[in-house]
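Colleague: If you want the building blocks of each chain, they are given just below.
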Amino acid sequence: GAVVSQHPSWVICKSGTSVKIECRSLDFQATTMFWYRQFPKQSLMLMATSNEGSKATYEQGVEKDKFLINHASLTLSTLTVTSAHPEDSSFYICSAKSSDRVREKLFFGSGTQLSVL
Amino acid sequence: LAKTTQPISMDSYEGQEVNITCSHNNIATNDYITWYQQFPSQGPRFIIQGYKTKVTNEVASLFIPADRKSSTLSLPRVSLSDTAVYYCLVGALDNYGQNFVFGPGTRLSVLP
Numbered sequence: 001g002a003v004v005s006q007h008p009s010w011v012i013c014k015s016g017t018s019v020k021i022e023c024r025s026l027d028f029q030a031t032t033m034f035w036y037r038q039f040p041k042q043s044l045m046l047m048a049t050s051n052e053g054s055k056a057t058y059e060q061g062v063e064k065d066k067f068l069i070n071h072a073s074l075t076l077s078t079l080t081v082t083s084a085h086p087e088d089s090s091f092y093i094c095s096a097k098s099s100d101r102v103r104e105k106l107f108f109g110s111g112t113q114l115s116v117l
Numbered sequence: 001l002a003k004t005t006q007p008i009s010m011d012s013y014e015g016q017e018v019n020i021t022c023s024h025n026n027i028a029t030n031d032y033i034t035w036y037q038q039f040p041s042q043g044p045r046f047i048i049q050g051y052k053t054k055v056t057n058e059v060a061s062l063f064i065p066a067d068r069k070s071s072t073l074s075l076p077r078v079s080l081s082d083t084a085v086y087y088c089l090v091g092a093l094d095n096y097g098q099n100f101v102f103g104p105g106t107r108l109s110v111l112p
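Chains as they are written, first to last, in my numbering: chain A, 1 to 117; chain B, 1 to 112.
These are computed hints drawn from the structure, not numbers from a lab. Please note that a few of the clues may not be correct.
As the list claims (entries may be wrong) - Think about it this way: if two alpha-carbon atoms lie no more than 25 angstroms apart in a straight line, the pair counts; the simulated DSS-like pairs of lysine-lysine are:
#	chain 1	residue 1	chain 2	residue 2
1	B	K3	B	K52
2	B	K52	A	K105
3	A	K105	A	K66
4	A	K66	A	K14
5	A	K105	B	K69
6	A	K14	A	K55
7	B	K3	B	K54
8	A	K41	B	K3
9	A	K66	A	K55
10	A	K55	A	K105
11	B	K69	B	K52
12	A	K64	A	K20
13	B	K3	B	K69
14	B	K54	A	K105
15	A	K105	B	K3
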């Protein structure tokens with residue numbers, strides 16, 4: 001099956017620093033990738049939709065200057081949490097949609113646990 | 001986007017069959033129904049997907065009635081390792097800009 005690799009798995013940083021999370025589709029081309037965040041015991045909340053070669057579309061309430069998304073190739077999207085603060089601590093998950101129309105499903109990364117001190 | 005409704009939680013015992021039903025009354029013609037499983041601190045894992053009638057794979061079965069306003073995920077003979085949150089998603093990937101929105105999911109607890 002299709003594999004989506006997400007790195008790092010966990011990161012601890014000081015308040016005010018920036019953190020980059022990578023999401024790669026390993027064996028398929030992903031025209032669209034999605035970024036979610038998840039708090040403990042809660043469901044996934046969609047943050048933004050990332051399309052290769054164009055600007056990301058952010059959900060209401062998500063600060064685009066805070067959460068920078070770059071989708072420079074068909075296999076890589078990055079999420080940068082800029083000037084992170086403790087309230088940004090969360091579990092971040094990416095998913096990718098295959099450009100193969102036969103694969104009508106999303107493939108998810110393993111997630112990144114971000115802890116901001 | 002079709003909104004989904006699932007039970008918040010379910011308990012079962014090892015070896016039993018578990019059926020989780022999802023309601024999606026406003027499902028669109030081109031929407032698929034997809035179920036995902038999520039363990040703590042992991043990304044969701046694809047279980048099964050269907051459009052109508054019945055779909056079966058090595059992990060589960062998915063039953064979809066003719067009106068497609070609901071679907072039932074069936075897990076045969078669950079084990080302790082099936083304790084997880086199960087999400088029902090309804091959407092169409094072939095529309096530009098469409099996305100999958102997660103509901104609260106069903107927290108399944110399998111007891112020994």
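Colleague: Are the hints correct? Go through all of them and say.
Modeller: Hints, verified against the model:
A C-alpha spacing of about 18 angstroms is found between B:K3 and B:K52, which places the hinted pair at or below 25 angstroms, so the restraint holds. Proposed proximity of B:K52 and A:K105 is supported: the alpha carbons are some 16 angstroms apart, at most 25 angstroms. Distance hint between A:K105 and A:K66 is unfulfilled; the C-alpha atoms sit about 29 angstroms from each other, more than 25 angstroms. Distance restraint check for A:K66 and A:K14: the Cα-Cα separation of roughly 16 angstroms lies within the 25 angstroms cut-off, and the hinted pair is therefore satisfied.
About 20 angstroms separates the Cα atoms of A:K105 and B:K69, which keeps this hinted pair within 25 angstroms; it holds. With a CA separation close to 28 angstroms, the supplied pair A:K14 and A:K55 exceeds the 25 angstroms bound. Restraint check for B:K3 and B:K54: the C-alpha separation of about 21 angstroms stays at or below 25 angstroms, so the hint holds. Restraint check for A:K41 and B:K3: satisfied, since their Cα atoms lie roughly 20 angstroms apart, inside the 25 angstroms limit.
Note on A:K66 and A:K55: the hinted pairing holds, with a Cα-Cα distance of about 15 angstroms set against a maximum of 25 angstroms. At roughly 23 angstroms between alpha-carbon atoms, A:K55 and A:K105 fall within 25 angstroms of each other, so this suggested pair holds. Proposed proximity of B:K69 and B:K52 is supported: the alpha carbons are some 10 angstroms apart, at most 25 angstroms. Simply put, A:K64 and A:K20 have alpha-carbon atoms about 14 angstroms apart, close enough for the 25 angstroms limit, and the pair holds.
A hinted pair counts as satisfied when its Cα atoms are at most 25 angstroms apart, and B:K3 with B:K69 qualifies at roughly 11 angstroms. Proximity of B:K54 to A:K105 is assessed by CA-CA distance (about 17 angstroms); at most 25 angstroms being required, the pair is judged to hold. The straight-line distance between the Cα atoms of A:K105 and B:K3 is roughly 17 angstroms, inside the 25 angstroms bound, and the hint therefore holds.
Going through the hint list in order, the structure does not satisfy hints 3 and 6.
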